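Peer 1: Work out the full structure: start from the sequences and follow the hints.
Under UniProt numbering, the final residue of the sequence shown carries the number 431; numbering is consecutive throughout.
Hints were generated in silico from the structure; no laboratory data involved.
Some hints could be false.
[What the hints assert, rightly or not] The calculated lysine to any residue pairs, modelled on SDA-like cross-linking and capped at a C-alpha distance of 20 angstroms, are:
| hint | residue 1 | residue 2 |
| --- | --- | --- |
| 1 | 178 | 29 |
| 2 | 178 | 270 |
| 3 | 29 | 17 |
| 4 | 178 | 127 |
| 5 | 178 | 53 |
| 6 | 33 | 53 |
| 7 | 29 | 90 |
| 8 | 33 | 127 |
Every value quoted in this text rests on a predicted model; they were computed, and no experiment measured them.
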Amino acid sequence: MLITDDFLPVPVPESLNATYLVPMAGLPKVGTKTAVRHLTGRLAEPVHALARQMLDSPLMSVDTRPIHEFPELPPDLLTAFGATEAQLSRLAAATHLVVVQAEYRPGWPPAHEWAARAVAAAVADAAGGDVVDVFGLQFLDPATALRSLPDEQGRIRLVDWVLVPYSSGTDGLWFTTKGLRRFGLLELQAQGVPDHLTRAWGAVMTGTARRLLRAWTDGLAGEELPAFVQLPVLATVTGGDIAVAYGNPEQHGATAPVLLRLELDPATDPEADSFLNLRPPTGYSGPDGRYYAAACGTLFTGIAPDVRYTRSGDAMSQAVATARAALGEIRARFLAGALPPETQLVVKYGLPGEDGPEYVWAGVTSWTTPEQIEGASASDAHTDPAVRIGSAVVVEATDIVDWAVLDGTGVREGGWTQAVLDAGERPAPPV
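Peer 2: Written out as structure tokens, the structure is:
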């Protein structure tokens, strides 16, 4: 094995396992094979065939057990990963669990995950119940589980398989991935992320996971399973990686690439997991958080797409007024093609929400009339499920609170509200 400063050797496990549960009140009334046959026409045939083949092989087992024989599922963690009260109530009322387990070698396709999830979804669909993904500690209704499986071309959305939880740390937010181990790869982590980049950095982590997973599975493509796969120490991530990971490859234009350095963070506890740290490239001298903010600006043609303002202080009010006063001039430059080369114009605007407006960024694609802008969203919105990264949006000029001209390094002009946030003058929370 060649070890250089350019590559990081990551160990390859001998085999991988997937476990899915279907809680039931009583015993199943429909056989597993019958339930899987009922998926005909609802599941891409390559995956349907894979599920049937593995069900008939020693690589998969399906057992029905009294629920008390299985370790208790922690309701607090299930809730943290999205479980509803109805799902938790059905789990509490269950007397039995159908346990679907599958094993396969690392590589692509991840047959153990695809087949086990398909079979568990079939059983849950026949029983009108839920699927519990044990790896992710996540409830899935059968329809959601089936939608997450590959289409006829073998394509998936990585966000359906890899979660990005985060928590507060001493110097910012601590992000990790939860799902790369399904494929044999170490999970990612990043620390010191500015707290106003919550959603943007989660998307960056997902895009990075997609890029590294591709390199990982390419390294496992041979007939013989290697002991290590050498991943590049410098991972190159683009907006396209993020768009593909979210299942929207056609909705995202090209962006400048962002470099992230991989560092192995080995676990000191044999029961704990090792991680791959994401850091700025060697030679970057500023705080990590500043690099992460610049990376988000490059990848999303906007900065802090998730920021919400519930009150405006004097500095923020002045920033908004300054941006609005210059809208006519920046529109004229945009229409005249007078913006600097290799730059993009973005605007920040408000979406209505129960707790006040949510402010998101969008790249400007057309500004025919002064009153209305056509663009592409730079982020997923909390308040409007139709506003997703790369989706087409129409912005009323009266809703704009800021604009910026961006190049490959970040904000070149404008961005007054972000400057207020970066200076720490954030609006107070509502009383």
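Peer 1: Going through the earlier hints one by one, which of them does the structure break, listed in rising order?
Peer 2: 1, 3, 4 and 5
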